[in-house]
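Put chains B and C on the given structure of chain A with help from the hints.
Letter by letter, the chains look like this.
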Amino acid sequence: MRILSLMTAVLVGATLIYGSMDMPRWGDPQSPASSHVSPHYLRHSMEDTATPNVVTSILGDYRGYDTLGETTVIFTAGMACILLLRRGRKR
Amino acid sequence: MTAQIPILVVVIPLVSSFFCPLMGLWRKGLCYFWAVVALSLCVLASFNTLLTVVETGTIRYRLGGWAPPFGIEYVVDHLNAMMLVLVSVISLIVAIYSKRSVEQELPEKITYFYTVFLLQVTGFLGIVITGDLFNLYVFLEIGSLAGYALIAVGEDGAPLATFRYIVMGTIGACFYLLGVGYIYISTGSLNMADVQQLLPQLYDSKVILTAVAFLLAGLAVKMALFPVHVWLPDAYAKAPSATSALLAPLMTKISLYVMIRVLFSVFEPHLSIERLPITDIMVWAGFLAILGGAVMALAQTDFKRMLCYVVVAEVGYIVGGVGLANAIAIKGAILHILNDAVMTAGLFAVAGIVMYKTKSHNISDFHGLFKKMPFTMATFVVGALSIIGVPPTCGFFSKWYLIHGAVIAKHWAFLGALLLSSLISVVLFFRVIEIGFVFQPSHEGDTHSGGHTVTMDEAPASMLVPTVVIAMAIILIGLYNQTILSNLITFAVPKL
Amino acid sequence: MFEFIVGYYNYWMYVGLMMIGFYAMMAKRNLMKKIIGMNIFQSAIILFYVSTSVKKGGVTVPILEHAHEAHEAHHAVDIMQYANPLPHVLMLTAIVVMVATLGVAVAICIMIHRRYHTLEEDEIITSIKRG
Chain A
1 MRILSLMTAV LVGATLIYGS MDMPRWGDPQ SPASSHVSPH YLRHSMEDTA
51 TPNVVTSILG DYRGYDTLGE TTVIFTAGMA CILLLRRGRK R
Chain B
1 MTAQIPILVV VIPLVSSFFC PLMGLWRKGL CYFWAVVALS LCVLASFNTL
51 LTVVETGTIR YRLGGWAPPF GIEYVVDHLN AMMLVLVSVI SLIVAIYSKR
101 SVEQELPEKI TYFYTVFLLQ VTGFLGIVIT GDLFNLYVFL EIGSLAGYAL
151 IAVGEDGAPL ATFRYIVMGT IGACFYLLGV GYIYISTGSL NMADVQQLLP
201 QLYDSKVILT AVAFLLAGLA VKMALFPVHV WLPDAYAKAP SATSALLAPL
251 MTKISLYVMI RVLFSVFEPH LSIERLPITD IMVWAGFLAI LGGAVMALAQ
301 TDFKRMLCYV VVAEVGYIVG GVGLANAIAI KGAILHILND AVMTAGLFAV
351 AGIVMYKTKS HNISDFHGLF KKMPFTMATF VVGALSIIGV PPTCGFFSKW
401 YLIHGAVIAK HWAFLGALLL SSLISVVLFF RVIEIGFVFQ PSHEGDTHSG
451 GHTVTMDEAP ASMLVPTVVI AMAIILIGLY NQTILSNLIT FAVPKL
Chain C
1 MFEFIVGYYN YWMYVGLMMI GFYAMMAKRN LMKKIIGMNI FQSAIILFYV
51 STSVKKGGVT VPILEHAHEA HEAHHAVDIM QYANPLPHVL MLTAIVVMVA
101 TLGVAVAICI MIHRRYHTLE EDEIITSIKR G
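Residue numbers (the numbering used here), protein chains in the order written: chain A, 1 to 91; chain B, 1 to 496; chain C, 1 to 131.
Hints are not guaranteed to be accurate.
With the Cβ distance kept under 8 Å, some of the chain C side facing chain B (calculated, not the full set) [to be verified]:
#	residue
1	104
2	105
3	128
Don't read these hints as lab results, they were simulated from the structure. Cβ coordinates follow ideal geometry from the N, Cα and C atoms, glycine included.
Pulled out of the complex, with its shape left as it was, chain A reads as follows:
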């Protein structure tokens, strides 16, 4: 079982590293991730949301729905823990 797990982990790691061969170099300013959607957020954050903190403006405004989802995840985990752990009163 341990050998199988080790082989699986090495295989998955090798696949991930193989996949990273074609990635943009670390820190490349012209990479697709830095030049497609992000410049819009940096340039328009002040006029759209009047917030200098761009992470906040994305989190709260542009992608605010993801933040609602994240809040729901916390709520779900809380309700799940109550459902799992709460013991009824011994009658």
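For chains B and C alone, kept in the frame of chain A given last:
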């Protein structure tokens, strides 16, 4: 107002789950009715969405008014709309059905059970309706966490089964997140439609290859594709009856829907079918799943575990059908998603009723049930015929399209697996039906007549009526399958 | 050769970390060690994403400096000065998801411990088989 209906489909269960604990503090019995009311409104909203999509085409709803790819977008096309209606209707039916079962199995946990139930439905609906890759991950996790809790409050042995499910489910979700990460690093966008436009020039990139591999591997764990299905039998067999009736039909089908979306709406059919051998691998994976599921089901003595292996085999049908990559097979696969969800819901509902009445879900405890609970067992027979594939039940028609697609693709191994699994299903279900007809007066018996007459001890109406409704739906979907195909599914099949 | 390594070593490091966590999730017998492995795996994914947000030549956090004055005067924002904000945002959500999953997993461990008084998988399975 009607323009906001797509978001209401997700928001109604979400907001009502926030109020459910408050309802429970006031009066415990209210939670059930609150959940049923919320899910009924959700069903209305999803039917409205379906009718809008059938009349006017794809709905694109921008959350917060921001244009994609800068904001999140909901894209509802025919496939989506069908899944929305499917998920909300089955959730409503299971919620109505669950009252007595939850009162018997989880008497102190009713409030929080319904809260987490509503959150689970929110997660499912959020996965189905979204057009953004990362938003899908967030709702996938909402659904997963709720599912873990709903399963772990089951019978003895459920917590360990859930722990194994957590480990495998987290691996699946993290592989999905890694795949999304690789797509983001190479394209810079997270919106499905935007990525589809940006990808064609990147098809030679190793990053995209790895992204496809990890997305599909993560989804394979979530949909219990053989051989990573090992979490499913333990988890769904030991879960409470209402939970398995909700999760078993829906969780795997929603992961199958995400797989279809990823293969055909994010990566175009050109990549999935022609450039990479993904679809060939999928047919063989489906072949193994069908045979593995059918054979393992034969070995079970526990009714719910047998049904779980039937679910594993059904996932094999759909994966193989999509893998055959011709229009008829994909039509059959999408129709089978609809049919299988309804059939599985019906069968697990029957298992829940048997559990409620006889406190056990062992096949050997099915003695004499045909006389004691005729309506329940009639539903069971309808569900069994549908899994075997007997007209006019819906299972026959989707199997027919899958067989036709296998013949067109000349994939004889998959065709053989389809036919063999129908035979094995006959053996499987007739074994249960045979035991059900034999009555052994080994227990209390009846004191009145002293003979061998059995009093009819049918399930309570709140459990029986939803089950019978599902049985009628199985037959109606079969009779009206041409209408469903021509109005909905033909538009849902991608252009190949 | 050296440039090749410098260009990719962050990805390799985080993949190595991920695989340590992945191996722990699968191979360890103690339930808490599996949970710790899960945590390592998810944390490594988060670090992997965040590492892609940096730009060469020295960037600062994506909080616009002197933003209000620049906005009044209609100066353009120099995007080369700031790190890419989007991975940070996505990973804030992923961190929350990771913590929530950790919470539910540990709650289930508590349930298992209440019932079987052990957290070793072998002992639990033996205890179930004994009935």
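Taking the hints in turn, this is what the structure says about them:
no. : hint : verdict
1   : 104  : 5 Å, holds
2   : 105  : 5 Å, holds
3   : 128  : 6 Å, holds
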